[in-house]
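Generate coordinates for the entire structure from the input sequences, incorporating the hints supplied.
Okay, here's what each chain looks like letter by letter:
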Amino acid sequence: MWDYTDKVKEHFLHPKNAGAMEDADAVGEVGSLACGDALKLYLKVDENERIVEASFQTFGCASAIASSSALTELIKGKTLEEAKAISNKDIADFLGGLPRQKMHCSVMGREALDAAIDNYKGISRPKEELEGEILCHCFGVTEEKIRQAIMENNLTTVEDVTSFTKAGGGCGECLEDIGELLDKVRAEMKKRPPVEKQPAGLSNVQRMQLVMKTLEDEIRPSLKQDGGNIELVDIIAKKVLVRLQGTCSHCPASKATLKGFVEAKLREQVEPDIQVEEVVS
Amino acid sequence: MNKVIYMDNNATTRVAPQVIREMLPVLETWYGNPSSMHGFGGAVGKRLDQARKQVADLLQADPGEIVFTSGGTESDNTAILAALASQPHKRHIVTTRVEHPAVLSLVKDLEERGYTVTWLGVDRKGHLNPDAVRKAVRKDTAIVSVMAANNETGVLFPIDKIAAITREKDVLLHTDAVQIMGKLPFSVQDIPVDFLSLSSHKIHGPKGVGALYVRKGVRFKPFIIGGHQEHGRRAGTENIPGIVGLGKACQLAARHLDEETIRVGKLRDRLEEGLLSSIDHSQLNGDQNNRLPNTTSIAFEFVEGEAILLLMNELGICASSGSACTSGSLEPSHVLRAMGIPFTYAHGSIRFSLSRYTTDQEVDTVIRELPPIIARLRELSPFC
Ligand code: FES
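Here the protein sequences line up with chains A and B, keeping their order.
Per my numbering, the first sequence starts with residue 1, numbered consecutively.
Per my numbering, the second sequence starts with residue 1001, numbered consecutively.
Certain hints may be false.
What the hints assert, rightly or not - Lysine-lysine pairs mimicking BS3-like chemistry, simulated, CA-CA at most 30 Å apart:
1. K9(A) - K1003(B)
2. K1207(B) - K1266(B)
3. K238(A) - K224(A)
4. K1161(B) - K1139(B)
5. K7(A) - K1003(B)
6. K239(A) - K224(A)
Claimed, not checked - Some chain B residues judged to face chain A by a derived CB distance under 7 Å, without partners named:
7. E1111
8. N1290
9. E1306
10. A1307
11. L1310
12. F1343
13. H1347
14. L1380
15. S1381
16. P1382
17. F1383
Claimed, not checked - These stretches of chain A come out as covered by chain B in the derived footprint (C-beta under 8 Å, 3 or more residues):
18. 22-34
19. 37-43
20. 58-64
Rather than coming from a laboratory, the hints here were simulated on the basis of the structure.
This one's a predicted model, so the numbers in the text were calculated from it and none came from an experiment.
For every residue, glycine included, the Cβ atom is placed at its ideal position computed from N, Cα and C.
As structure tokens, this is what we get:
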């Protein structure tokens, strides 16, 4: 029934930093009883904006409690600036992963952190203004929140959106809207591939995916404009073997195309030391 | 894990030892096919006949009215689809919002495919008003499908009154009797339903087998086609071990009916009172009187069901929660929602369902262990 990791169970059965904090410098509150989960995060912050203490109170399922516990562990000792960089994925990773349907628990943690930081900075945000329209009324989820979840976690299905944000998990009336928003955001993401520089070594699979994506989205379209095309033959370590087709294959400038354009693009998008070689059949 | 305290009998039950004993010979020795021409297969056919009689007896039906299926879900699907197929000009269905998904999802699907559906609601106590059925039935109503007892709250539906209405209006009536079987008597002589679904693994029989009662004279079209078995009403070589087990389970159920109602009912009441009196902000979901003797659904405010279940699980206590949180959908159960239970309670609802194997000591343990679990979670909760 539960495919929780041992780490989730551990943090659920013996949560760290549980309980209210009397003299907190900042409090962040998200969720509600009606939604089925809620989290109240308390922070103690020193003069250098470093989080010296963190505690939580959570109403929710096992993974909500574990995520809250993980969050407090992750942010203790960090500056507010550093803490801001923590994503819901980091929370889930800290726990050795969460079942997909439970990812919204980690999202809730991230939101509580945002709310607490805002609270510390004295920003009281008028919700609608900042976050836009509510799309799912059952759970009070805004369009902006869904958009963020889609982009940060690269969600591809409406089910995913429900798993991560809860939107759509109630009456289901908003499912169609979520579908539309998903299509829209994905289209935008395609246009503007995230400039995700991943310096610390890609795995083979990651490299392969990134190379294919870059070829597909960036390189092939512009070759095609010139009546050419490119075929991926193999990837061996950091060597990308390709075959040029169409006009490119006998174009005298093909060498320049290969090095100056294809390799440059891959170096920019994938890894700085990628090499491209042409296979001549 | 320590010893299991199993209070999730509306989900599934322990197979009775007598049932297993009955099944073993047909697995080990009598593996023949009842459709075969030789005596070896024929001997198995005798066991099939015996099981059919045992099931029929529990319902006071005729053995010829029993069709074996793969379980409650298939029985539900078969009944509704058979009613539609045999009356193609009728395109209206009446059912309730609190049915088991085997009915609910099928009817939703049919609605999408163009059938008209009247969805009946229930009141705060989980009751269904039979007059609502009277109002809903139309000339083109093909079938009324209403469960006999609700799986989450145990609340009973007035099938007798509904049957009187459908009789009068000459409309087919199906009842999903999966939960009432073996817990309270149900006779098709007294309550003239046309179809009735039952499931083996809810009455201490094996999983993967069930039965559909089809009243004699009711037109029927098979759901599963491809063989002459079950008099052409359900194709496929019979699940003999399962069917033999179901037969025995029905026989035992009939024998234990009194005990189930009285002894189990008392245990349940004691459990319920023990928990409600020792835990603040807790309440019973559904009517206290008009329900199955083995079921109680209790809501604990300010805490969430899955967390309770997981902490109980640490102690070997098995129950189930009133929210579908674990299945990916986050809404509280459709049953509690249909009853208008506030979300704040619904999220923390736990169902305990007892059986004839439940002991006094087990009830004591739960009464002792649950309050600290709720207290522990409430300590974590920002709302307390
Ligand atoms: S409005 Fe989103 S699930 Fe009901």
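These are the hints, each one checked on the structure:
Of the pairs offered as hints, the one joining K9(A) and K1003(B) holds, with about 20 Å between alpha carbons and a cut-off of 30 Å not exceeded. The straight-line distance between the Cα atoms of K1207(B) and K1266(B) is roughly 28 Å, inside the 30 Å bound, and the hint therefore holds. As the CA atoms of K238(A) and K224(A) are separated by approximately 25 Å, the hinted pair is consistent with the 30 Å bound. Straight-line distance between C-alpha atoms of K1161(B) and K1139(B) comes to about 19 Å, which keeps the hinted pair within the 30 Å bound.
For the given pair, K7(A) sits about 24 Å from K1003(B) by alpha-carbon distance, which is consistent with the 30 Å threshold. Taking the CA atoms of K239(A) and K224(A), the gap is about 23 Å. The hint holds against a cut of 30 Å. At its closest, the beta carbon of E1111(B) sits 14 Å from a beta carbon of chain A; the interface hint therefore is violated under the 7 Å criterion. The restraint placing N1290(B) at the interface with chain A is violated, with a minimum CB-CB distance near 29 Å, outside the 7 Å limit.
Taking 7 Å as the C-beta cut-off, the interface hint given for E1306(B) holds, the closest approach to chain A being about 4 Å. At about 5 Å, the closest approach between the beta carbon of A1307(B) and any beta carbon in chain A falls short of 7 Å, and the interface hint on this residue holds. Taking 7 Å as the C-beta contact cut-off toward chain A, the hint placing L1310(B) at the interface holds, the least distance being around 5 Å. For F1343(B), the suggested interface contact is upheld, since its CB lies about 4 Å from the closest CB of chain A, less than 7 Å.
Taking 7 Å as the C-beta contact cut-off toward chain A, the hint placing H1347(B) at the interface holds, the least distance being around 5 Å. Proximity of L1380(B) to chain A holds as hinted, the smallest CB-CB distance being about 5 Å (cut-off 7 Å). Because the closest C-beta pair between S1381(B) and chain A is about 4 Å apart, less than 7 Å, the hint holds. At its closest, the beta carbon of P1382(B) sits 4 Å from a beta carbon of chain A; the interface hint therefore holds under the 7 Å criterion.
For F1383(B), the suggested interface contact is upheld, since its CB lies about 6 Å from the closest CB of chain A, less than 7 Å. Figure legend: the stretch 22-34 of chain A, annotated as covered by chain B; annotation consistent (3 residues with Cβ-Cβ distances under 8 Å, at least 3 required). Interface restraint, the stretch 37-43 of chain A with chain B: holds (4 residues with C-beta to C-beta distance below 8 Å; minimum three). For a cut-off of 8 Å, the count of residues in the stretch 58-64 of chain A with a CB near a CB of chain B stands at 6, and the three-residue condition holds.
When each numbered hint is compared with the structure, violations occur for hints 7, 8.
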